[in-house]
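Following the hints, put chain C in place on chain P, whose structure we already have.
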Amino acid sequence: MFVNAWIALGLFLFLMVAIRFLLDTQFLRRILGFALLGHALNLMLLLSGVTGAQRNVIGTPAFVQAGRFELIVDPLPQALILTAIVIGFAVTAVLLIFEIVEKE
Amino acid sequence: MIQSWNIGLFFTLPLLVAIFHFAPLSTAGRRWLNSMLVATLSVFIWAWSQSDLPQLLLVGGWPHFAGIQWSLDELSLVLLGATLLVYWPASWALSHRSPQMNVIFHFVLAACFGLILSADLFNIYVMLEILTLASALLFIENKSLSKLKTYVWMNVVGSVFYLFAIVYLYQNLGTMNLIDIGLKWNVFAANSLLPNLIIASLCFAFILKAAIFPLNIWLPEAYALLPKEVQPFMNAVPTKVAIYLMFRLTSSVGTGSMLQPIFVLLGSTSLIVGALGLLSKKGLISNLLYFNLSHLGVMLLILTLPNPAESLLYYLAFDILVVNALFVLGNQMHDSDRGLILQGPLFLTVVGIILMSAIGLPPFGGFWAEVLVIRQTISQPMLALLILSLTFISILFALRFWATHFVGPDVEARESTHTGPHQRMVNFNLIYSSALLALFSIVSIWTYDWAIVWGEQIQKPQRHFEKILQQPPSRAVPTLELEEVP
Numbered sequence: 301m302f303v304n305a306w307i308a309l310g311l312f313l314f315l316m317v318a319i320r321f322l323l324d325t326q327f328l329r330r331i332l333g334f335a336l337l338g339h340a341l342n343l344m345l346l347l348s349g350v351t352g353a354q355r356n357v358i359g360t361p362a363f364v365q366a367g368r369f370e371l372i373v374d375p376l377p378q379a380l381i382l383t384a385i386v387i388g389f390a391v392t393a394v395l396l397i398f399e400i401v402e403k404e
Numbered sequence: 019m020i021q022s023w024n025i026g027l028f029f030t031l032p033l034l035v036a037i038f039h040f041a042p043l044s045t046a047g048r049r050w051l052n053s054m055l056v057a058t059l060s061v062f063i064w065a066w067s068q069s070d071l072p073q074l075l076l077v078g079g080w081p082h083f084a085g086i087q088w089s090l091d092e093l094s095l096v097l098l099g100a101t102l103l104v105y106w107p108a109s110w111a112l113s114h115r116s117p118q119m120n121v122i123f124h125f126v127l128a129a130c131f132g133l134i135l136s137a138d139l140f141n142i143y144v145m146l147e148i149l150t151l152a153s154a155l156l157f158i159e160n161k162s163l164s165k166l167k168t169y170v171w172m173n174v175v176g177s178v179f180y181l182f183a184i185v186y187l188y189q190n191l192g193t194m195n196l197i198d199i200g201l202k203w204n205v206f207a208a209n210s211l212l213p214n215l216i217i218a219s220l221c222f223a224f225i226l227k228a229a230i231f232p233l234n235i236w237l238p239e240a241y242a243l244l245p246k247e248v249q250p251f252m253n254a255v256p257t258k259v260a261i262y263l264m265f266r267l268t269s270s271v272g273t274g275s276m277l278q279p280i281f282v283l284l285g286s287t288s289l290i291v292g293a294l295g296l297l298s299k300k301g302l303i304s305n306l307l308y309f310n311l312s313h314l315g316v317m318l319l320i321l322t323l324p325n326p327a328e329s330l331l332y333y334l335a336f337d338i339l340v341v342n343a344l345f346v347l348g349n350q351m352h353d354s355d356r357g358l359i360l361q362g363p364l365f366l367t368v369v370g371i372i373l374m375s376a377i378g379l380p381p382f383g384g385f386w387a388e389v390l391v392i393r394q395t396i397s398q399p400m401l402a403l404l405i406l407s408l409t410f411i412s413i414l415f416a417l418r419f420w421a422t423h424f425v426g427p428d429v430e431a432r433e434s435t436h437t438g439p440h441q442r443m444v445n446f447n448l449i450y451s452s453a454l455l456a457l458f459s460i461v462s463i464w465t466y467d468w469a470i471v472w473g474e475q476i477q478k479p480q481r482h483f484e485k486i487l488q489q490p491p492s493r494a495v496p497t498l499e500l501e502e503v504p
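Protein chains in written order, with the numbering used here: chain P, 301 to 404; chain C, 19 to 504.
For the record, the hints were derived by calculation from the structure and aren't laboratory data. Check before you lean on any hint, since a few could be wrong.
Below, in silico cross-link-like pairs of lysine-lysine (DSS-like), each with a Cα-Cα straight-line distance of 30 Å or less [as the list claims (entries may be wrong)]: (1) C:K485 to C:K300; (2) P:K403 to C:K246; (3) C:K300 to C:K246; (4) C:K167 to P:K403; (5) C:K165 to P:K403; (6) C:K165 to C:K300; (7) C:K246 to C:K299; (8) C:K202 to C:K299; (9) C:K167 to C:K299.
If you're wondering where the values come from, they're calculated on a predicted model, not measured in any experiment.
Only chain P is shown next, with the shape it has when bound in the complex (with noise of 0.2 Å):
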């Protein structure tokens, strides 16, 4: 449950500064909060793959202290998460791509 609190103030926190960050006028500040929107969908994406009893044991070495196959949070989402991340990353690199293209 306490683990399953910082989750949520992490997700939280990282909500409210992308949102304020992309509504900025400045362009980098608009790409960090776009970089942070991206964090908080890859937590959300990481708890999708988190049900009943499994929230207990989060953030604790799956095979060690869990033990069960019904406390082993879904590897699948984290899979997912992976892929996340390189869209994300390619999407940042090609907007700032475009501004420097655009200076330039």
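Below, chain C without anything else, positioned relative to chain P:
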């Protein structure tokens, strides 16, 4: 004998061709390469059309709920065929441009094929992002990057909504497979508003991609800046693929009582705004962008009909072909052109076929596509009236187009532009596009009855699930036997 793994070739072969385009090939070499791709994929499309559909590809051999599943049915087959047909002239025209542009364009094609075939919501997200990034890079040679940035940001907003929605779906249903979601949906969504809101946010992302009013602000601004060679393809295919994805989603989970009126409202507004823009905007390309918007509105209205697959089957294919042909024509002409009636009978025949197909006059393809829509709107006369009003507005536009550009003595200005090799290629492109429309009209007359039968089959998601049961995965989900650590 065609195998289910062949479905993956629709994504991998365009990527392979993209890699070959990095090499310093001549224009003829690039054209040969692209034509080989079209020929190979055409053979597969023909072979699939003779097989027992739907066909499923379980990527990596994982079970459908744990891995990525691609599915091919009659509607996706028609859409693949139409996409391939309009890809060929675009790639032909693009072959004289830089290798980078050719590479990027093949990424767009691969993403479009991936979107048509994928039945997994996260895989669709990945394909949407590839499409967004590749489309954005197609603009890179253009100097108006501010409008392009709006395009990318709009797509980012759509992606955020999309990801939030699929996270919620996965947490509650434990799957991102559209067929699985469809099977579990009725129990999950009963008497609850939130699941409907989640589907609404998925639809929001697709509406943004399809550029339906009022989320169309990026399309006329951005797509007018695309290189002329790919403008017909980009206007014809990606927006229609977004409509197709909305169909896939709503055929799995249903439009529900909440989405139905929203679709009717957005579809009608898009149709009206598109029709008004068609008549009021200056510049042929702007007119065509609004024509595209009005047709997207019609397609959103089709999603609210009792059997949308039956109407979409023809309307999507027809719309891809006609929008492609109109943009090819629009790119060849200048707004200042007058007296084109003197251009000769071939040019007039070609333009005649394109305009009459766009209007939907019998026996052209547009007529059959509209008949398949209107026969389902007998119980909704207002919808039928709206769709028919678009036909009348298209007639008005065609008459004005004829009166402005064709009737009049001044033809000298055009004659000087008809000499270069590039111009000859555009002429071939125009003839090819109108020939496709003529062929579609002939095929429509013969296959009209099939559309009704196929439409009923496509509408049944249960059919896909039966196929899953017939096709066991080669891998099993591992079962862990762990002992409690003291």
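> Which numbered conditions among the earlier hints are violated in the structure presented, ordered from lowest to highest?
Replying inline: Those not satisfied are hints 1, 8.
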